[in-house]
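Protein sequences, first through last, are from chains A and B. Under the numbering used here, the first residue of the first sequence is numbered 1, with each subsequent residue one higher. Under the numbering used here, the first residue of the second sequence is numbered 1, with each subsequent residue one higher.
Incorrect hints may appear among the rest.
Output of the computed footprint for chain A on chain B, the stretches with three or more beta carbons under 8 angstroms from beta carbons of chain A [unchecked claim]:
no., stretch
1, 333-343
2, 365-379
SDA-like mimics (lysine to any residue), calculated; alpha carbons at most 25 angstroms apart, straight line [to be verified]:
no., chain 1, residue 1, chain 2, residue 2
3, A, LYS12, B, GLN299
4, A, LYS7, B, TRP352
5, B, LYS305, A, LEU34
6, B, LYS305, A, PRO8
7, A, LYS12, B, LEU363
8, B, LYS215, B, VAL287
9, A, LYS7, B, VAL298
10, B, LYS294, A, ALA16
11, B, LYS303, A, ILE19
12, A, LYS7, B, ALA310
13, A, LYS7, B, LEU300
14, B, LYS303, A, VAL13
15, A, LYS7, B, LEU313
16, B, LYS305, A, TRP9
17, B, LYS303, A, PRO8
18, B, LYS303, A, TRP9
19, A, LYS7, B, ARG311
20, A, LYS12, B, GLN174
21, A, LYS12, B, LEU291
22, A, LYS12, B, TYR353
23, A, LYS7, B, GLN293
24, B, LYS303, A, ILE20
25, A, LYS12, B, LEU360
26, A, LYS12, B, GLY297
27, B, LYS294, A, PHE15
28, A, LYS12, B, LYS215
29, A, LYS7, B, LEU363
30, A, LYS12, B, TRP352
31, A, LYS7, B, LYS215
32, B, LYS294, A, TRP9
33, A, LYS7, B, PRO356
34, A, LYS12, B, PRO356
35, B, LYS294, A, THR18
36, B, LYS294, A, PHE29
Hints are computed from structural coordinates only; laboratory data are not their basis. Keep in mind it's a predicted model, so treat the numbers as computed, not measured. For each residue, glycine too, the CB sits at the ideal point set by N, CA and C.
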Amino acid sequence: MAKRKEKPWQFKVSFALTIIMLFCVFGYFTQSFLEIRKVKPVRVAIERLSATSKEADVSPEATPVIEEGNKELPDQ
Amino acid sequence: MALTPKARPFPLARVLESLAWVSLLAAFIIGQIAAQTDYEALLKQQMPDVELSRAEGYSDLPVVFHVEADGKASPDAVIMSEGVGYGGPLIVGIKARRTENGARLNEILVLNHKETPSFMNRLNNRHFFRQFAGRSITDNFIVGEDIDAVSGATVSSEGFTAAIRDAVHLGAAQHLKLPRTWQEPEWHIGVNELILVALFALAFFAAYRRDKLAKYARLVVMGGTLAFVGFYANASLNLGNIAGIVLGYIPHPVQHPMWWIMMIGTIGSVVILGRNIYCQQICPFKVVQDLLQKFSGVQLRIKPKIQRQARTLIFSLSWVALMLIFLSAHPALGSYEPFAMMFSLEGLGIQWYILPAALLGSLFVPSFWCRLFCPVGLYLNEGVRVRRTIRDRFFGGGKKPPSVPGKTVQGEQE
Chain A
1 MAKRKEKPWQ
11 FKVSFALTII
21 MLFCVFGYFT
31 QSFLEIRKVK
41 PVRVAIERLS
51 ATSKEADVSP
61 EATPVIEEGN
71 KELPDQ
Chain B
1 MALTPKARPF
11 PLARVLESLA
21 WVSLLAAFII
31 GQIAAQTDYE
41 ALLKQQMPDV
51 ELSRAEGYSD
61 LPVVFHVEAD
71 GKASPDAVIM
81 SEGVGYGGPL
91 IVGIKARRTE
101 NGARLNEILV
111 LNHKETPSFM
121 NRLNNRHFFR
131 QFAGRSITDN
141 FIVGEDIDAV
151 SGATVSSEGF
161 TAAIRDAVHL
171 GAAQHLKLPR
181 TWQEPEWHIG
191 VNELILVALF
201 ALAFFAAYRR
211 DKLAKYARLV
221 VMGGTLAFVG
231 FYANASLNLG
241 NIAGIVLGYI
251 PHPVQHPMWW
261 IMMIGTIGSV
271 VILGRNIYCQ
281 QICPFKVVQD
291 LLQKFSGVQL
301 RIKPKIQRQA
311 RTLIFSLSWV
321 ALMLIFLSAH
331 PALGSYEPFA
341 MMFSLEGLGI
351 QWYILPAALL
361 GSLFVPSFWC
371 RLFCPVGLYL
381 NEGVRVRRTI
391 RDRFFGGGKK
401 PPSVPGKTVQ
411 GEQE
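Chain A with its partners taken away, still in its complex shape:
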């Protein structure tokens, strides 16, 4: 009887990686789906430049910048 050829360890690692990646991709899809379910037509990255300073003080040097990047807006 012919002896069954042993698969190299790299094959096993590659197979395991393929399975892991499949899980990861589906995990990413789940993550995306949850994002959609939040029903926030507008989200991510609001960057507010200071609206509090006086008219004379709104030059780039004098304006204190308040950054709110990636802040999510409330639900609609």
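Place chain B on chain A using the hints.
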């Protein structure tokens, strides 16, 4: 003895394929209906301390709003405008404050965008929006002149700048009646566009020659695409780009000539030449995989049967991705490729685990990602196959293009 007709097996594959197409169409329609957002209400919600009233004569974007605070007319004006980023349209709201000589930019609200989260993170982390603070609304607002683009998110930088520029210049000219002292952006082919055209030209040259010169050309394209398309422009094609075209997110050629060069080079090579030049030579992630594979020296072969199953797997994955994209009308949400992360090192959530697994896999299996997971490669190769079928059926076949050994992606196609 009468012959009984052989029972036909149930065409499960065909039924599933039809269902997939119908569901994609349904998702597209639902997504388009759901994407109708009332940005005016949203803008008002974001500025609860003031009362906004739409100025007369503005029915479509860009729109100017008068501002009232505590029942009194405010010197501020709010303008809402639209631009186009790498992922699709983006909407910004600009608040400008009147000064003695004109007005200054006072507040920017990004109301909506379709950019890849990693690109958006990059803009925020590099303080892209900070450079607009307090600027006069009569400034030029031109990337490369008075605005600096963020490398790795150049198209997004251009898109936001264009939206902001349109808004403030409209407000300056029509609302505040200020003289037009600013420059309009001129269309010109820059160095970036020339580099991309040169890379495609070299790739075409290398694809049709088998001499030593072609070998050098391939090496130049490899290095060039890794440095330029990958690390500099971060402009790898992904499923989101293809879905974006279906959704109608096509940027203006004046604003994003690189997008057009990339698309014409990629789709043109498939349609006109019947070759998938993008996957063979331009894709920077393929270059990374090739380098890793050279480094490891291991070349596991994928059996044709597994390759066929992988094809089904990629179609299934891309179906899920396209459903998400069409339902949300947001191309970046379904793009599971790790390209943007690879070249900008900015990523979100679980996507971070996909990148190391893809890189590790390519140490053992040549073009691991391309063969087993990449939807772009599969669709481009399908395009090549369809073109070949059409040519054979309607034009009686033709001369087979020379194949380049060792450059085959996705196993059986070009």
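Cross-check of the supplied hints:
1. 333-343: Result for this restraint: holds, n = 3.
2. 365-379: holds (count 4)
3. A:LYS12 <-> B:GLN299: holds (14 angstroms)
4. A:LYS7 <-> B:TRP352: At roughly 30 angstroms apart (the allowed maximum being 25 angstroms), TRP352 (chain B) and LYS7 (chain A) break the hint.
5. B:LYS305 <-> A:LEU34: Violated, because 35 angstroms separates the two Cα atoms, which is more than 25 angstroms.
6. B:LYS305 <-> A:PRO8: holds (19 angstroms)
7. A:LYS12 <-> B:LEU363: It holds: about 13 angstroms lies between the C-alpha atoms, which stays within 25 angstroms.
8. B:LYS215 <-> B:VAL287: holds (15 angstroms)
9. A:LYS7 <-> B:VAL298: holds (14 angstroms)
10. B:LYS294 <-> A:ALA16: holds (21 angstroms)
11. B:LYS303 <-> A:ILE19: holds (17 angstroms)
12. A:LYS7 <-> B:ALA310: holds (20 angstroms)
13. A:LYS7 <-> B:LEU300: holds (10 angstroms)
14. B:LYS303 <-> A:VAL13: holds (16 angstroms)
15. A:LYS7 <-> B:LEU313: holds (23 angstroms)
16. B:LYS305 <-> A:TRP9: With Cα atoms ~20 angstroms apart, LYS305 (chain B) and TRP9 (chain A) stay inside 25 angstroms; holds.
17. B:LYS303 <-> A:PRO8: holds (15 angstroms)
18. B:LYS303 <-> A:TRP9: Since the Cα atoms of LYS303 (chain B) and TRP9 (chain A) sit roughly 17 angstroms apart, the hinted pair holds (cutoff 25 angstroms).
19. A:LYS7 <-> B:ARG311: Judged against 25 angstroms, a Cα distance of about 23 angstroms means the pair holds.
20. A:LYS12 <-> B:GLN174: violated (67 angstroms)
21. A:LYS12 <-> B:LEU291: holds (22 angstroms)
22. A:LYS12 <-> B:TYR353: holds (19 angstroms)
23. A:LYS7 <-> B:GLN293: Within the cut-off at roughly 19 angstroms; holds.
24. B:LYS303 <-> A:ILE20: holds (20 angstroms)
25. A:LYS12 <-> B:LEU360: Cα-Cα ~13 angstroms, so holds.
26. A:LYS12 <-> B:GLY297: Since the Cα atoms of LYS12 (chain A) and GLY297 (chain B) sit roughly 17 angstroms apart, the hinted pair holds (cutoff 25 angstroms).
27. B:LYS294 <-> A:PHE15: holds (20 angstroms)
28. A:LYS12 <-> B:LYS215: Cα-Cα ~34 angstroms, so violated.
29. A:LYS7 <-> B:LEU363: holds (17 angstroms)
30. A:LYS12 <-> B:TRP352: holds (22 angstroms)
31. A:LYS7 <-> B:LYS215: The given pair, whose Cα atoms are some 34 angstroms apart, is violated under the 25 angstroms limit.
32. B:LYS294 <-> A:TRP9: holds (18 angstroms)
33. A:LYS7 <-> B:PRO356: Distance of about 23 angstroms is within 25 angstroms: holds.
34. A:LYS12 <-> B:PRO356: Between LYS12 (chain A) and PRO356 (chain B) the Cα gap is close to 17 angstroms, so the pair holds against 25 angstroms.
35. B:LYS294 <-> A:THR18: holds (20 angstroms)
36. B:LYS294 <-> A:PHE29: violated (32 angstroms)
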